[in-house]
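Please build the complex by placing chain B with the ligand on the supplied structure of chain A, with the hints as guidance.
If you read the sequences in order, they're chains A and B.
The numbering used here puts the first residue of the first sequence at 1, with every later residue one more than the last.
The numbering used here puts the first residue of the second sequence at 1001, with every later residue one more than the last.
One or more of the hints may lead you astray.
The calculated lysine to any residue pairs, modelled on SDA-like cross-linking and capped at a C-alpha distance of 25 Å, are [stated by the list, open to error]:
{"#": "1", "chain 1": "B", "residue 1": "K1154", "chain 2": "A", "residue 2": "A146"}
{"#": "2", "chain 1": "A", "residue 1": "K75", "chain 2": "B", "residue 2": "A1049"}
{"#": "3", "chain 1": "A", "residue 1": "K167", "chain 2": "B", "residue 2": "P1045"}
{"#": "4", "chain 1": "A", "residue 1": "K159", "chain 2": "B", "residue 2": "T1026"}
{"#": "5", "chain 1": "B", "residue 1": "K1080", "chain 2": "A", "residue 2": "E31"}
{"#": "6", "chain 1": "B", "residue 1": "K1316", "chain 2": "B", "residue 2": "S1206"}
{"#": "7", "chain 1": "B", "residue 1": "K1395", "chain 2": "A", "residue 2": "A24"}
{"#": "8", "chain 1": "B", "residue 1": "K1395", "chain 2": "B", "residue 2": "R1229"}
{"#": "9", "chain 1": "A", "residue 1": "K158", "chain 2": "B", "residue 2": "W1085"}
{"#": "10", "chain 1": "B", "residue 1": "K1154", "chain 2": "A", "residue 2": "F104"}
{"#": "11", "chain 1": "A", "residue 1": "K159", "chain 2": "B", "residue 2": "S1206"}
{"#": "12", "chain 1": "A", "residue 1": "K167", "chain 2": "B", "residue 2": "I1024"}
{"#": "13", "chain 1": "A", "residue 1": "K48", "chain 2": "A", "residue 2": "D13"}
{"#": "14", "chain 1": "A", "residue 1": "K158", "chain 2": "B", "residue 2": "A1052"}
{"#": "15", "chain 1": "A", "residue 1": "K159", "chain 2": "B", "residue 2": "P1057"}
{"#": "16", "chain 1": "B", "residue 1": "K1395", "chain 2": "A", "residue 2": "P43"}
{"#": "17", "chain 1": "B", "residue 1": "K1395", "chain 2": "A", "residue 2": "E31"}
{"#": "18", "chain 1": "A", "residue 1": "K159", "chain 2": "A", "residue 2": "L144"}
{"#": "19", "chain 1": "B", "residue 1": "K1154", "chain 2": "A", "residue 2": "A24"}
{"#": "20", "chain 1": "A", "residue 1": "K159", "chain 2": "B", "residue 2": "W1152"}
{"#": "21", "chain 1": "B", "residue 1": "K1154", "chain 2": "A", "residue 2": "Y92"}
{"#": "22", "chain 1": "A", "residue 1": "K158", "chain 2": "B", "residue 2": "T1148"}
{"#": "23", "chain 1": "A", "residue 1": "K159", "chain 2": "B", "residue 2": "N1089"}
{"#": "24", "chain 1": "A", "residue 1": "K48", "chain 2": "A", "residue 2": "A123"}
Bear in mind the hints are in silico, worked out from the structure with no lab data behind them.
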Amino acid sequence: MTAIAGRAWVFGDNIDTDVIAPGAYLKFSPEEMARHCFEAIAPDFATKVEVGDIVVGGRNFGMGSSREQAPQALKILGVGAVVAVSFARIFYRNALNLGLPVLFLPQAEEIAAGDHLSVDPVAGAVVNATQDRTYPCDPIPDHLMAMIADGGLMPHLKKRIEAGLIKQ
Amino acid sequence: MPQTLAQKIIARAAGRKTVESGEIVTCAVDLAMFHDSSGPRRVAPRLEALGAGVWDPSKVVVVTDHFVPAADVESANILKLTRDWVRDNRIGTFYDMEGICHIVLAENGHLTPGLFAAGGDSHSTTAGAFACYMAGYGATEMTGIMVTGEIWVKVPETIRIAWSGEFCTGVCAKDVMLFLCAELGMDNSFRVVEYDGSTVAAMDMSERMVLTNMAAELGAETGIIGADRTTVAAIEATGADVPDDALDWRSDEGAPYCAAHAFEASDLVPMIAAPHAPANTRAVDSFARVSVDQCYIGACTGAKYSDLKMAAAVLKGRRVAATTRVLVAPASTQATRRAAADGTLAVLTEAGAIMMPTGCGACPGMGAGVLGDGETCISSTNRNFQGRMGSASAKIYLASPYSVAAAAVAGHICDPRDFLT
Ligand code: SF4
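The following block holds chain A by itself, in its conformation from the complex (with noise of 0.2 Å):
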């Protein structure tokens, strides 16, 4: 997996889905979706995130909906990873089986808005090179590190599927 840099958005804590994905556009298309991501809470967000940009939660971070389009607009936008104190669960399925990597770190509330972070989902480790620190956290679970070798839920079935792992 390649290095996942970029300059860090900062959000408080609970941030639901709603405001990630809002329900008035779910009829669209998920490219027409994520033009409208975080539109009540930060109104230039989808038009000024860059890719490997990295989003950064307090705690509860995805509450709400089972709705996929709100991982899914972050990583259309080019959002490289969210690190969060903690996640909703289903965000955080939704996340990882996207191919969107999401870390738990206690010390997200130390990140400032704009900081130059770097992320290493696998060995588990967050650098802050703005204010010169590392963190150390829980990479992704040993059981889901196959599928997000594979690039997510999607592309890891066809691969069990072309192997004869899944009866069809």
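The following block gives chain B with the ligand in isolation, referenced to the frame of chain A:
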């Protein structure tokens, strides 16, 4: 080794005798449900890319509820795609515009104790009222279930929440859940919330379903309630077969809970959640005189037949204030039929309520009844996140059907107990 109900169901689905919290197991899915928004439109292209079919169409239930009835061409096309996919894949059960998925599953006898189920919706936790283990997943993970019939689970710990005693008139399960969102917070991830105690034992299934539905707002893996005679009677009433072991699906004596809380029902007053989170809950008297532009009775949480009855109890013989509007979107066509047959709907419409189609409607901001800039709504739904029901500057207050109806009469938030004697 004594097990919690959640552990027992996970162990059964994983082909094990017992499981321990924290271990990761693979479970066989007994029932997979998704709806028009999360379902075929997102799962079908993924299955196609994999060249894979549905592992067992007889175990799949599809419901249209989010985009019904179609208000524009995009929505109509999503519904058409859903219907075509269900037909082409010979899906076992399809409920087209018959109600909100979680309610339709319960009304039609799909939920029996001990079932391990997966849903393409976060409020799939609702099924726990029937002693099922059902959690919500996103579309890619649901695609994985369609292909393999399996899902990985990190066996969660269980928090036990006991309520004892009787509610005052005008207080109900919705008030319990708003209270718990404030009390326990919304980040109880990777935990199951199990409800019991004499108050829960006395509740009917629709009230129990509010407790498990809003386990999603607590951030829990799911909510669950052990099976008892009320559970069995409700399943019998749907005409479905009740499994012989139905009453065995309860936590064992001495089961390992990670936390236990006990509350007294008679102490609870009507609760209101202020914008923009269910955890911003306080007693109704802290919001007295917040005026409301819209009063919404809707969603899987707050528009079942029993919820319509609660609203009618307040609205009977009264009129909606001239300064507000009341929209009622029943949670299922069955709820509408029952409420029409016994005069409940007439009470609502006589008071001035406007009847809306059955479906998710304004709850997720997809159907009719959304809010304009700066408007204030009091709603019997489960989420008041910013922008959820329309404009990002609208303010949503969450409340019980009693409290929504009381606000409708007064034109502002007020204590529903003043209207119920
Ligand atoms: S009514 Fe609202 S909460 Fe319930 S399933 Fe529909 S959108 Fe979700």
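Exercise. Going through the earlier hints one by one, which of them does the structure break, listed in rising order?
Worked result: Violated hints (numbers, rising): 8, 11, 17, 19 and 24; every other hint is consistent with the structure.
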